[in-house]
Each structure stands twice: as C-alpha cells, then as structure tokens.
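Colleague: Single-letter residue listing:
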Amino acid sequence: MNHSIKRIRYNPRRKAGNIGDSPGAIIIPEDAVKPLICVFSYNAKELVTNEGKSIKVVLDQFKKCPDHTHWVQIRGLGDAGLIEDIGAILTINPLVLEDITNIHQRPKFDEYDDYLFAVSRMINFTKDYELVNNQFSALVKDNVIITFEETHEEYFEAVKNRLASGKGAIRTAGAGYMCYALTDTILDRYFALLAKLGDQLDTVEDRLYGNVDKSIMFETQQLKRTLIVLRRSCWPERDKINDMLRTENSLINPEVKLFLKDAYDHCIQIMDLIESYKEITSSIMDIYLSMVSNRMNEIMKVLTIISVIFIPLTFIAGVYGMNFSRVDPVTNKVMPDNLPELYNPHGYFYALGGMFVIGIIQVIIFWRKGWFSKL
Amino acid sequence: MNHSIKRIRYNPRRKAGNIGDSPGAIIIPEDAVKPLICVFSYNAKELVTNEGKSIKVVLDQFKKCPDHTHWVQIRGLGDAGLIEDIGAILTINPLVLEDITNIHQRPKFDEYDDYLFAVSRMINFTKDYELVNNQFSALVKDNVIITFEETHEEYFEAVKNRLASGKGAIRTAGAGYMCYALTDTILDRYFALLAKLGDQLDTVEDRLYGNVDKSIMFETQQLKRTLIVLRRSCWPERDKINDMLRTENSLINPEVKLFLKDAYDHCIQIMDLIESYKEITSSIMDIYLSMVSNRMNEIMKVLTIISVIFIPLTFIAGVYGMNFSRVDPVTNKVMPDNLPELYNPHGYFYALGGMFVIGIIQVIIFWRKGWFSKL
Amino acid sequence: MNHSIKRIRYNPRRKAGNIGDSPGAIIIPEDAVKPLICVFSYNAKELVTNEGKSIKVVLDQFKKCPDHTHWVQIRGLGDAGLIEDIGAILTINPLVLEDITNIHQRPKFDEYDDYLFAVSRMINFTKDYELVNNQFSALVKDNVIITFEETHEEYFEAVKNRLASGKGAIRTAGAGYMCYALTDTILDRYFALLAKLGDQLDTVEDRLYGNVDKSIMFETQQLKRTLIVLRRSCWPERDKINDMLRTENSLINPEVKLFLKDAYDHCIQIMDLIESYKEITSSIMDIYLSMVSNRMNEIMKVLTIISVIFIPLTFIAGVYGMNFSRVDPVTNKVMPDNLPELYNPHGYFYALGGMFVIGIIQVIIFWRKGWFSKL
Amino acid sequence: MNHSIKRIRYNPRRKAGNIGDSPGAIIIPEDAVKPLICVFSYNAKELVTNEGKSIKVVLDQFKKCPDHTHWVQIRGLGDAGLIEDIGAILTINPLVLEDITNIHQRPKFDEYDDYLFAVSRMINFTKDYELVNNQFSALVKDNVIITFEETHEEYFEAVKNRLASGKGAIRTAGAGYMCYALTDTILDRYFALLAKLGDQLDTVEDRLYGNVDKSIMFETQQLKRTLIVLRRSCWPERDKINDMLRTENSLINPEVKLFLKDAYDHCIQIMDLIESYKEITSSIMDIYLSMVSNRMNEIMKVLTIISVIFIPLTFIAGVYGMNFSRVDPVTNKVMPDNLPELYNPHGYFYALGGMFVIGIIQVIIFWRKGWFSKL
Amino acid sequence: MNHSIKRIRYNPRRKAGNIGDSPGAIIIPEDAVKPLICVFSYNAKELVTNEGKSIKVVLDQFKKCPDHTHWVQIRGLGDAGLIEDIGAILTINPLVLEDITNIHQRPKFDEYDDYLFAVSRMINFTKDYELVNNQFSALVKDNVIITFEETHEEYFEAVKNRLASGKGAIRTAGAGYMCYALTDTILDRYFALLAKLGDQLDTVEDRLYGNVDKSIMFETQQLKRTLIVLRRSCWPERDKINDMLRTENSLINPEVKLFLKDAYDHCIQIMDLIESYKEITSSIMDIYLSMVSNRMNEIMKVLTIISVIFIPLTFIAGVYGMNFSRVDPVTNKVMPDNLPELYNPHGYFYALGGMFVIGIIQVIIFWRKGWFSKL
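Chains as they are written, first to last, in numbering that gives the first Met the number 0: chain B, 0 to 374; chain X, 0 to 374; chain R, 0 to 374; chain E, 0 to 374; chain S, 0 to 374.
Treat the hints with caution; some may be incorrect.
Claimed, not checked - Per label pair, the in silico range of CB-to-CB distance:
1) S:Asp238 x E:Thr125: 37 to 45 Å
2) S:His151 x E:Glu129: 40 to 48 Å
3) R:Asp238 x E:Lys63: 47 to 55 Å
Claimed, not checked - Each computed DSS-like pair below joins lysine-lysine, with the alpha-carbon atoms no more than 30 Å apart:
4) B:Lys260 x X:Lys260
5) E:Lys277 x S:Lys63
6) X:Lys256 x B:Lys256
7) B:Lys126 x B:Lys213
8) S:Lys159 x S:Lys256
9) B:Lys63 x B:Lys33
10) R:Lys107 x E:Lys256
11) B:Lys277 x R:Lys277
12) X:Lys368 x B:Lys213
13) R:Lys52 x X:Lys107
14) X:Lys140 x R:Lys166
15) R:Lys260 x X:Lys107
16) S:Lys107 x S:Lys52
17) X:Lys33 x R:Lys166
18) S:Lys256 x B:Lys256
19) S:Lys63 x S:Lys33
20) E:Lys277 x R:Lys195
What the hints assert, rightly or not - Over the 12 Å line for every Cβ pair with chain E, so calculated as not near, a few chain S residues:
21) Asp20
22) Gly23
23) Cys37
24) Glu45
25) Leu46
26) Ile88
27) Glu110
28) Glu129
29) Thr150
30) Lys159
31) Asp212
32) Ser214
33) Arg224
Because the hints were derived from the structure by calculation, they are not lab data. Cβ coordinates follow ideal geometry from the N, Cα and C atoms, glycine included.
The shape of chain B in the complex, shown without the other chains:
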C-alpha cells in the first residue's frame, strides 16, 4: 500500500471571506504564498525572459518590447496589491479579480468587452501520492496573457521549452494560442494521472484474484473518489473549451480554434476514461463483496461439514457413556443386562464401526450435494 492514493479530505480549505461579503472583494487565502513573477516576451525572432517579485518587472518589459507577445506567469497569490495593480493596468472587473484569489472556482471561460478570463483546475499528485487540485486562471488581453497559479511549483516546463526552441506556432500565434497551449498542457497531465490510476486499478484487481483483504475496499473507494474529483474538474473544462470554440472574439482566431478542437477531443477522451474507470471501480467493489461473501461461505461450509459429521457421533458416544445399569439387589453388583450393548464383548468395536459408517455416509451425501466443490 506504499503507493496507494492518500485519503481526500472534503474541506481542506474553505471559501475565504464571510457570508454576505461585498462581491468583488479580493480576499487572499490564508496559506497563500508570495508571488513569483516571470515575464516571457516573444515574437518569431526572439524570446526575452525576466523574473522578479513586483509589478515593476512587468511594466518594464511591456515598455521594452511593445510589439512582442507577453506571457506574465504569476506563481503565488499572496499579494492582494499585485492583483489590484494588474486589475488597474488592464482595467479588469473586480469580480474577475475576486475569482482569481477565490481558489475554488470551476473551470470556466468568461468573455468581457476587451479581455478574456479562463479558469482551469491543475490536477496533480504530490510525491506522496496525494491529490493536488489547484486553480489556474488566465487573463488574455491584446498581446498579453497573465496567468495565476497557487504555488511556486513548475508546471509548464514543457511549454517554456517549446517557447525557447521556437518550434511550432507558439512564438507566432499570439496570446490566444498561449492560452490554448497552457490549457492543453493541463489536460495532458490528466492522461498521465489516469495512466497511474489505471495501473493502480490493475494492481488492485490482481489482488482481488488472490487473497482479498479490507485494504482493497479502502483503496478502491479512494480511487473512486479521486475519479469523482477528476470528473468534477474535467466536465466543466469541456464546457469551457466549447465556450472558447464558439466565441467570436478575435483573440481566439480560427487557427487557435483548430487547436482548441483538438483539446476538446482530448477532454472527451479524458471524460471517457474517467467514466470507464468509475464503472471498473464499481465492478471491483462488487467482486470484492462477492469474494468476501464467498470466503465466508467456504469457512461456514467447513464448520457445517465438520459439525454435522461429528454431532451425531458425539451423541452416540454420549449414549454409551450413560450410566444405566442394574444393581443386582442380592449381590449388590452391577449387572450387564441393562445396556446390553455395553457388555457385548465386541460392543466397543461395533460402536466405533457404526460411527465410522455413519460418518462415511454423511461424507458421501455431502459429496453428492456438491458441498466439497468450491463455491
């Protein structure tokens, strides 16, 4: 059970804020980390990278490369001021800024007059095989895409490599394509997770055919819940991509839509796998319960066979252990004529033989009834 999934808590972190709070208030989650800012400014020819901890680094880069496409990657939400500054620079609706820090959003795609807002769930396993379900949000406006992640962990290394290598459409297709590329990377991670879950399903099922124990049930239940979490994240992701496909906003141009169609297919494939795996967990539970019940039956059968064979025999032994006897009133001696069998010279062997025969008959009856075959 070393590599089995950790139990999922239902309320790891609550929605921040209080009942009836004003909408649009930016409330930083308690355990949020300080933001790291990376700015990637690129066009077909060059890629300029800049890192820092304040908004200044972003503005510098915007000034330096006015005609480049800028991907501002912000990892960590622990700075309300930063988010407000970004909101002010790009003139973003406060409700959108609230959604960025309110980290339990479902995947969605909202279209505003001159910018787009997209949310995804970044599903991953930690090294300890614990499910991580973080929020990823992206603001797309003109040639700028600003993305927000909850932790400092590197998640988009592959995208950065593609950006560095400059192959494919990534350097030329604008901010909308970058939004697609990040979303697709998030979806790719699902496939990796599902492959792991598939392996674990296989392992659990292998154990089913050996010796069943309670851990199979617990693990299957954990797998099932992990699948529920994945489905909850992936289902709205599909709607989101569909919304992106239908938008008429020029940031999502026909070329990007072609790629989005591909991402949409991936999404459907993921849903498909999740549903199949869920059906399989159910069937594993069914088999597990049936195996437990079968095993119980095997045990009960042994009890029954042994009891039923020995109960009559023990009764017979009890009968011949009774002290019935006749005391001769004259001689005051025990006379043999009361339990006549007892005084038969070979009575003991007759009795043992009789018991043996009764036992054998019973075994034959049970054999005929098929009790010795495996259930």
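With chain B fixed as given, assemble chains X, R, E and S onto it according to the hints.
Modeller: Structure of chains X, R, E and S alone, referenced to chain B:
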C-alpha cells in the same frame, strides 16, 4: 453525536388552506409570527432607517424620501391585512400575495408587467443543529424592494452593514441590485452549511476506520437527507437566477446581470458540492455495510475455528468416556479387554497427545488456508 | 397497521375491447355506473342548477340560459348513448369519445378546431385507505364545459361552493377557467395525499428506530408503489398543463393562463415531493435491511460468545470424563496412576478453577476486541 | 410454473449474411417459410379477395381493379425471387428489400421519393407461453400497401373482419390508413401481453407473501427480460409513429394523422406500463431477497436459541460426568469427598433444578431482547 | 472456460509522447509495425492493384491511372516519414497526422476545406479470444482514400472481394462510398462479436441453473467489461456517422448518404444489443449472488436442523452420564437411590425411546415450518 444533524420530519407544517380553495386567497400559516417592518431608504449620499409594526411606517418613508431606493424588510407573516395593504399599494396580483404566505414555494422568478417577484429558500441550522428551511420572497417595483421572511431572526446583517458603510455598488445600483445582494447572501449561507456538512462527513468517515457502530448509519442517512433538502432548494434557485439573467426587464440592468452571472456560478458550485457529498454518503454507506459484514465474518471465523478444532477432540473424549466393558461372568469383575486403550498404562497420555496433534494439524490447515489473516 | 396502504393490484380492470377493434368505438367498461347529470349554468349574476339522468336536462338548460356559461358534470360512464348524443350535439371526433370511456388514459390536452379535450387522473384514498385512480375528462367548447367522472362520488364540492358563493373569478371567467379550477382541485388532492403519505413515512421511520419487523418492508414497498402510481399520473399532468399554457386557443385566455401558471408550479411542487419521498423510501429500505442484518449479527454474536466460551470447557470436562484407568492385574482393582489428576484430592477444584480462568480469559479477549459493544 | 414465461435465448437466429457483404443483397433467413400471398382489393363498395403463391395473383388483381386500394399480405419470406419481383414492379431501393428479409430490424419509418417503408415488431406469446418477436414490414405506394410477415400465422384477423364488414374509415381512407390500422393492431397486442404479464406479476407477488422459493427469482428475472424485449421493440415504435406524424407525404393524410396521434398515445401508455412493471419486478426481487434473508435469520435464531440454552447445561452435565474421585489409600475404595456434590443424597435433583433455572433465565433474557418476535 | 474472454488490461499501451508536447508532432507508438502499402486503383472497367513498402508505389499508381479512384491501404504505422510524405502530398494539417499515429482516438469525423478525416475502432477477438481494439483512420480527398491500420492483419477481405467482382456500386461510387463500405464492414464485425458474446451469455446462464461457482462471476464481469469497451467504441461511431450524414461536402454525395443511413441503423441496432446484454449481465450477477446466498442458506439449514435435533439429545445423554450416586456409608457401596432412573431395569430403553420421541417431534415441527422445502 452531540453535534450531529437532527432528524428531518417530512411534514413539519402542511400547505395551509383546504382542497379546492379559491386561488389567490391569503392564508396565514398557523404558527406565523407578527411582522416586524424595517424600511431602509438610501441613495449614494444617505441611508434613512425606520422600524415599526404597521404599514404606516412604510408609507411615511416613501413620502419622506421620494427619490431614494427603499428596501422594506418584513420579518414575520402573521398579518394578512399588512400583505393585502402592500398588494393594494403596489397593485400586486392576488396569486403573488398567496405565494408570499404559502410558505412551501420552490425558488422561482416571475415577471409581471411592472414588477418582479422572486422566491428563495433560506437554509440554515439552528443552534441545536436542526435544519431550518424558511421562505424568502421579494417584490421589486421601480425603486422599491419589499422582502418577506418567516421569522424575526436576523439573516441579512452583512447586507445591512454594507448598506451602512456605503461601499461598493449597493447604495447606487437600485432595487434590482438589492434583490441580487440578498439572493447572494442566501447562497453564501449554503457554502457555510456545506462546510459544516463536509466536516461532519470527515468525522463520520474517521469513525468508519475505527470501531463501526449503528450511529454511523443513522448519521449518514441524516446527512444524505439534508443534502436532498439542500438540492431541492438549490436546483430551482439556479433556474431562478437563469430566468433573472434572461429577463429584459429594466429593473435587472446589465450591471446587475454581471453580478447575477457571478451568483449563478456560485449556484453551480453549490450543486457540484452537493452532488459530490451525496456520492460520498453513498460510498460511506457502502463501506459501513461492508465493515459490518467483515466484522461479522471475523466473529464467525473465530467461532468456526474454535468449534472445528474442539468438535473432533470432544468426540474423542466422548468415545473414551463410553462405558463399554466386559464383566467377567465368573468373577463378576470388569475386565480390561473390551476397550483395550483404556487399560493401556499410558493410554491417557497417548490420547491427550493424539488430541493435541489433531488440534495442531487443524490449526496448520487453517493457517495455510489464510483463515488467520484479517479479511 | 390498521391505517396502512392497501396493496395495489396491477390489473384491476383491463382496457375494454378486443385486439384490432375499430378506432373510435365507444366501449363502456363492465363495471361502469349509470350517469348522473348535473348542469350548472352561471354568469356574474346568477347560478342555475339542474340535475337529471338524461341528456334532456342539458338541452333544456342550454335553451333556458343561452348566454350563461354551462358546466355539465356527468358522473358515471355507463350509458354509451348519452356519450354519443353529446358527441353529436357538440360534433366531437369519435376518437375523443372513445378516450372518455377508455378509462386508462394518461393526462393529456388535445386541441381540436373548435373544442378542447383534457384528461386528468383523480387520485384519492378510499376510507379503507385503498388507492383510487379514476379518470376525469373534460370537453370545452364555447361557453360549455362537459366533464366526465367514473363514479358518483362527490369530488368537486369546493368548486361548487365557490360557484355558489360567487366570489373570485369563477363566475365570470368562462369555461376555460372552470377547466382550470377543476384541474387545480385535482392537484390540491395530491397535496392532501402526499401529506398522508408523509405521515406514514414518519410512522414507518419511527418504527425503524424501535423493533424492526417485516411489516416495515411491506409497508415501505406499498408506499413506494403508491408513489410510482402518483408519479405516473402527475408527470403527464405537468405536460398537459404546459400544453394548455402554450395553446393559442381563445378558450384559454391570458387570465386563465396566469392561473394555469400557478397550477403548473403546484404540479412541479408535487413532483418534487414525490421524488423526495421516493428517495426516502429507498433510504428506509436500506436502513431496514441494515437493521435486520445488524440484529442478526447481534444474535450470532451471542451464539458465538457463549459457544466459544463453553466449547473448550466442555472439552476439558469430557477429558476428565474419560475412563482411562489401570487395573492392577494382581488385585484387579482400579489404580490411580493412569489419569493422575483425577486422584489428586483437590483435582476437581483445580479443574473447576482452571475452567473458570479459561472462561474469564476468553471474556477479557472478547471485551478487548469490542464484541460486547453494540454493532 | 405451468404458465410461466419461457426463458429467452439471446441469439435464436443470427443476422444472415457474412461480414462485409454488399449492401442491398437479399439474404433469405435459413428457416424462412414459403410465402402465402393474399390480395385484398377494396373500395367503399366492394372487397375482392384473392390468394395464391406467386406474384401473378397480385398482378392479376392490380389489372382487374385499377381504382381499388390493394393490400397485399405476404406471409413467409422464403422466396427471394418474389421480393425481387415486387421490388421491380414498385421500383424499390435494394436497401429496403434487404431490410425486409433481414429480420432483426428495429421499428422504423423511412420515406422515399414515391413510397414509404415501415417496420414493426410483432410481439406475441405462443401457446407454450414463449415470446415470439417477429418482423412486420410494410411498403406503401400510391393505392398499394404490401406487408411482409415472417410466419403463416394469422395476426390481423380483426382488421380483415373490419374490412369485410366495411364499417369505419377502413375501406375509404386509402393505403396510409391501412398502414395505421395494422400498426395499431400490433400495438393492441402489447396491451394483451402486458395484461398477461400483469397477472403473472400479481401471481408471483402473491407467492412472495407465502412460502418463498427460488422459482420466484427465476420467474421474476424472466418477466424482467420479457419487459426488456418489449421495451426494445416499443421504444423505436414510438419514434416511428412520431416520424409518420411529421411526414409531409400525401399518403399519410391529415385524417390518418389524427388516428396516428391516437396510436402514439397508445404507444406512450405501453411504455408507461412497461416502465412501471419493470420497477415492480425490481421491487419483487428486493422483497424476495429480503424474505430469503429473513427466513435464514429465523432459522439461525432457532439454532442460536437452542444452542445457547443447551450449551451451558451440557457443560454442567459434563462437569458432573467427570471421574474425579479419591481412592482411599488404605481401603483402596472410592471416597465421596472429592466431588462433594456427587455424593449429596439429593445432588442429582439439585443439579437438574439448577439446570432448569439456568435454562429458564436464558429464555427470559431472550424474550426480553425480543428474539421470539418475528423479524 | 476454454473459450471465455481474456481479462482486459486498463493500460495496455499509453498515449505516446510527453506532457506539454507540441501539438501536431507525429509520435510513432513503440510497438508499431513497419507499414505495408496496397494501392487499389479502380473504375467501372478495371481494377489495378499494387503493393509495396514505400510511398513510391502510391505515386506511381496515381500517375498511371489519373482518372481512377484510388484506395491506398496502409497497414502498420511504424514509419513517421511515410505519414509525413502523405501529409505533404495531400497537404494535410499536422494535427490530423498526429491523430493517425496517436492510436487512442475515439471514432470521429472531421471535415477540412478540401479533405475529410474519419477515425473508427476496429474491434475484434484474437484466436485466444482476447479483445483487440485497434484504430482505423481514413483520409478522403478527391478521388483518393488513404486508410491506416495498426497491424498487418487482413480485415477488409470482403471489401476487396467486392472490389474484384465489381458488383454493386463499389467500383463507380467514388472515394466517399469506399469510406462508407469500410466503416460498414467494421460495424458488421460488431454483429459477429455480439453473436459470440450472446452465445457466451447463454452458456454462462446455463451454468447458473446448474452448480454455481466463482468462475461465473469472473466471466460475467469480463463480459460486462467487454461490453463497456464495445459501447465506448460504438457510441461515438454513431455520432461520427451522423456527422457524415449532415456534411455538405460533395465527397459524401446523396447516394453515399443513403447507404450511410443504413449504416446508422446498424449502429443503433448494435447499441441496442449492447445495452440489452449489459442489462443481462447485471441480472446474471444478481441471480448468481442470490444463488450463492441460497446455497449458503441450504447448508446452514442442514447444520441447524442436525444441530438442533441432536443438541437436546446429547444433553440428555450427558445428564445420564453424570456420576451422581450415593455411597452407603456403612457398606461403602454405590446405592441406586440417587439417580433413580439409572437403576430402573428398563431405564436405558425408556431414555432411548424418549430421545427418539423428542427427535421425531422436532423433525415434525421443522417440517411444518417448511424447513425441508427448498428455499
């Protein structure tokens, strides 16, 4: 079990009135409390508050501040006259007035020629952790919103605070926005309740992995029903907000719709959580039943092992307890040649040893069959 | 169990007629009762009532009050001629006449060129708590509404009272309103039935927490089936009202539609309650089965504990009951050196003490394993 | 079980032909019977009937009565040439001809340029209560309807009688009406079958309340499968009639559509009944399983009560059967001071009395725990 | 179990490539085989066939027969260069080329400006009865159709035969028709597989009515999963054919659409069969579990009957085996007045008789309770 949910009765209060009653009749529920009236008249500059027990306080305020937005909060439905007066002042359809006092409405949004009518369910827990499911209804007309609640309990303190502080759009965005703000506060409460239910699910599940007892089943069932009640209230709430989003009535202006879109997202999130929690209660029940059955199996296994080991041994003891003997016809004495083993000087120890060997063999067989491993 | 629901037979009465019969044939059910005819002719000023057993009474009234609205209530379908006459007077399609007497129609609303036809199910309980599911059909044409019921039982007393009192819109809103008023009364009855079913659910559930017995299962199943029957009747009722709301026929004018919208909401509420109740019956069955299984486990546990404690003790007693002994070949007397314990002066008490200790150790082991706690 | 439903085989006959066969190939099923041809040529005035075994009889009749409506009833599909001839005469697409002989089609309605093609399933029980699921297909073109059935069995006697009597619209409403009339007859048969199934459900349920045995389970499963087969046939029938209602082909004129609307209602009613019956079979299975488990519990309870009462008593008897004794070393006689109770003059009666008291106490304890009440 | 289905592994092969890879990259699966290329160039008059291993053979044929329709069948995906060449020749989007080698696509139909792309799943059983689920993809452009299969295995022999014989529309109806013909052949295979599965269901069910054993459960589960896999492949196939029916691309002309409609019907029939079979597997599992439980009950009943009969008898024997006796203090002899029955001359026979009577009474009681009838 101190903090577990109270059992839900299915018919706490009936639909008032009799079969075939005329539609539009205002029938006050038997346990309705006398109304408390609060009028909040506000604009960007000032907030005028007025409390009282009769309709006069409302009319006074309307006259005093003709250009303000008025929120008339009526807590308690125990005065049919008051509701009729309001109906007369705002010229409301009698069917709407009936719905206000008929306190088992589903959430809905009805649009009339010059006013709007919205119903929500105010879900809450009492201090004793009992589920309360009261009706909230709102009439919106021009610059007036009149809200009706069943009890005197303060539910919208946060909204009143925002009104007092004057921050955000609340003082300037009109009666439609106030309708949104109240609805959103009601939805916020769901999150708080679901957080509590999530905690309880965690607690129940923790107990699953320890010693299972019947209370787990009862609590899980209560949780499940609470979730059914929440779903029944929240599902039509979603439709209601959707209807509000699609209305072309000027009271719900585009700015309010932007906020309603946010409330709609919250609604979906709540539904999502409810569905997940429901799936989890099912899986807890499955594990519970499986645990009970496993435990039963453990107990039966002990019975079986001990019985099966001792039954043959007891039979052997019974055999050697039989009184077979030969009475010498001459000496009238018991002769040792009938149950020869009994008169073997070491027969007793041989017998004990034989029993011991049989017992050990059985233990080994069961060990091999894996009966000593936990199921 | 005095007041529990009667078992529902699946085929109380068959579809009349034979396979391949010509469509439009009026086939009177075998147990149909002779019709009672009531004619209510009313306008805002007066209400003229007339009763009888033949079509003459209807025609007379039509002549007498040409400008009134007429509600012809026909209770009993046992007269094919009457129905044919009505068909001829109002020029009704034979297929519609067939539907009136073919009493297993689903609720529906059919629109013809110059008349409307509506079917509902009149659900009720008899005094013996048996479910009655009769057909109600209504023909609406100009200022006339003709309704057909299966039995003489008074079902619409409340409507007649409202008609007599003249309050509300009932006397002025025409035949379409009357159709609504009758439908709404039928829906009101559902609420009354559901309140009764809710009470019974509460009672059954109370018994669950006491001593479970088989009757709980049978009653729950009967409740579930009653709910299935109700749902089968109410679901198409919703579609029917929806069809009425969307018709452009002038008989269903906007005022009536406002009221129908209200009836539609009632219908949804009923469906909602039925679905919740169904979920509750399922959960009661789950708890019942779990309780039975728990109880069985309790019983088995007692068996196991007592057996497992006494089985080894009885074995020990058996051992000391064995007749091993040495017969001194010289004196021919039983010598004490074969089962040495037996001839120990305090052997008996040592043995009893040993058994007692073994018993106590077992009790402690079982206590530690939690076998004495309630499952 | 004399009248219970026969088990359904899943693959009674396979799709004829091989993988990748050319579409439109007419492949006669192996067990097809030679066709019987009946031609009914009718108008309002007369009905001319003609029977035979070759296509000539059809052509003759067409020539003889050029202005009549012709119903060509072909029973038996065992003649590929006949079907090709008909295809040639009416210029039918080969794909349609393939569907006529490929006897596992779902009900469907296909519209071609100048003819219509409809498929239904003819569900029936044989005398041995075996489910028969044959294909019925109809070609409608101008004033001709050609129907194909798999067997010689008479299925449409009622339609022929109506044709002979000339009542109703049958003789005047054309080939489209005949298509409706035959479909409606097929639907009528469903009602008859469902009535039988309803009776059997009642019978099975009656037996539930008496002594449960395994046959209940098998019969219920057969009923459920029969219902699955019926649903599979009826569901597409509904779609088919819906397609017929929406066609603009003049063969299905408005008058026929009015009747088809009626058939559509029947279809919905059948679906409704099937779904209800399916729910009932599920609930019968639930009760059956619960009854079996209850019965098992009853048996186990008796075992437990008797075992638990006698186990301690038998132990006591065993204790007093132990051979502890003291042999006086001087007199070599058995002395009474080792198991003192044994030598008490009334010890036996005290022991019996003690056992009796222990037994009674146990009975009282079990009584209090409610073990003697029925589960 | 010789012919039962092999267990399905969940992750036989993974999605090739790494997380975040550039879209459109052609990644050859590790176990891909080297491609075999077959080119079939045909028109109504002739069929020219050419085989080879490089793209040259295709280009040669295109040049040789410019006015023919060309079917290029590529079996084996192990050559990235070949696929890139084909992409270059026909100017195909890289995303499409990626889909060809990424062999876990769902069936789909994508329409591009001047070509079509279709994916199907080729379901089959190996000789060892293992499920094979390979990808089939087809590119259709002008008069060329290029198909890609994963293995060298011959799957479309029937189509090639039809091509050779030249019957039907296959030689004249263009590349779109060929796409249909191949898809239809793939669907035909489903029928063959389902026939096999139906046979196996029958076999499994036969065994249900005999001696149940665990293999029934495992086989049924394997059948269920095979059905899940089939459904996952067939469901999107339906959507794909539907998309093909609605396309306005001239490659899918009305004639082809007529045939596609037929394929669509087949698809629905397959779905229908799969759903029915799934319901049957569930019902087999239900019966299996019920049978196991019944069998267990039978065994327990035997244990109970035998135990309950012998337990009191053994107790009685134990009582008469007690050593109560009175030792005459004077004579030091055992006196008969303590257990008086023991010294009754016929006591033994009375006791045996009493035991016999008690046993018979118990048998009668159990008989009356119906314990001897089969559950």
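Colleague: Are the hints correct? Go through all of them and say.
Modeller: Hint by hint, here is what the structure shows:
1. S:Asp238 x E:Thr125: 37 to 45 Å: 40 Å, holds
2. S:His151 x E:Glu129: 40 to 48 Å: At 47 Å between Cβs, range holds.
3. R:Asp238 x E:Lys63: 47 to 55 Å: 50 Å, holds
4. B:Lys260 x X:Lys260: 26 Å, holds
5. E:Lys277 x S:Lys63: 64 Å, violated
6. X:Lys256 x B:Lys256: 28 Å, holds
7. B:Lys126 x B:Lys213: 25 Å, holds
8. S:Lys159 x S:Lys256: 21 Å, holds
9. B:Lys63 x B:Lys33: Holds: B:Lys63 and B:Lys33 sit about 26 Å apart, inside 30 Å.
10. R:Lys107 x E:Lys256: 17 Å, holds
11. B:Lys277 x R:Lys277: Distance ~26 Å between B:Lys277 and R:Lys277 Cα, so the pair holds.
12. X:Lys368 x B:Lys213: Cα-Cα ~17 Å, so holds.
13. R:Lys52 x X:Lys107: 47 Å, violated
14. X:Lys140 x R:Lys166: Cα-Cα ~29 Å, so holds.
15. R:Lys260 x X:Lys107: Judged against 30 Å, a Cα distance of about 12 Å means the pair holds.
16. S:Lys107 x S:Lys52: 28 Å, holds
17. X:Lys33 x R:Lys166: Holds, at about 28 Å.
18. S:Lys256 x B:Lys256: Holds. S:Lys256 to B:Lys256 sits at ~28 Å (cutoff 30 Å).
19. S:Lys63 x S:Lys33: Given pair S:Lys63, S:Lys33 holds - Cα atoms ~26 Å apart, limit 30 Å.
20. E:Lys277 x R:Lys195: 26 Å, holds
21. Asp20: S:Asp20 is indeed farther than 12 Å from all Cβ atoms of chain E, at 38 Å.
22. Gly23: Correct as stated: the minimum Cβ-Cβ distance to chain E is 34 Å, above 12 Å.
23. Cys37: 16 Å, holds
24. Glu45: 19 Å, holds
25. Leu46: 15 Å, holds
26. Ile88: It holds; S:Ile88 is separated from chain E by about 29 Å at its closest Cβ, greater than 12 Å.
27. Glu110: 24 Å, holds
28. Glu129: 19 Å, holds
29. Thr150: Given a closest Cβ separation of 17 Å, the condition holds.
30. Lys159: 9 Å, violated
31. Asp212: Its Cβ never comes within 12 Å of chain E, the nearest being 17 Å, so this holds.
32. Ser214: 19 Å, holds
33. Arg224: 18 Å, holds
When the structure is compared with the earlier hints, violations turn up for hints 5, 13, 30 and for no others.
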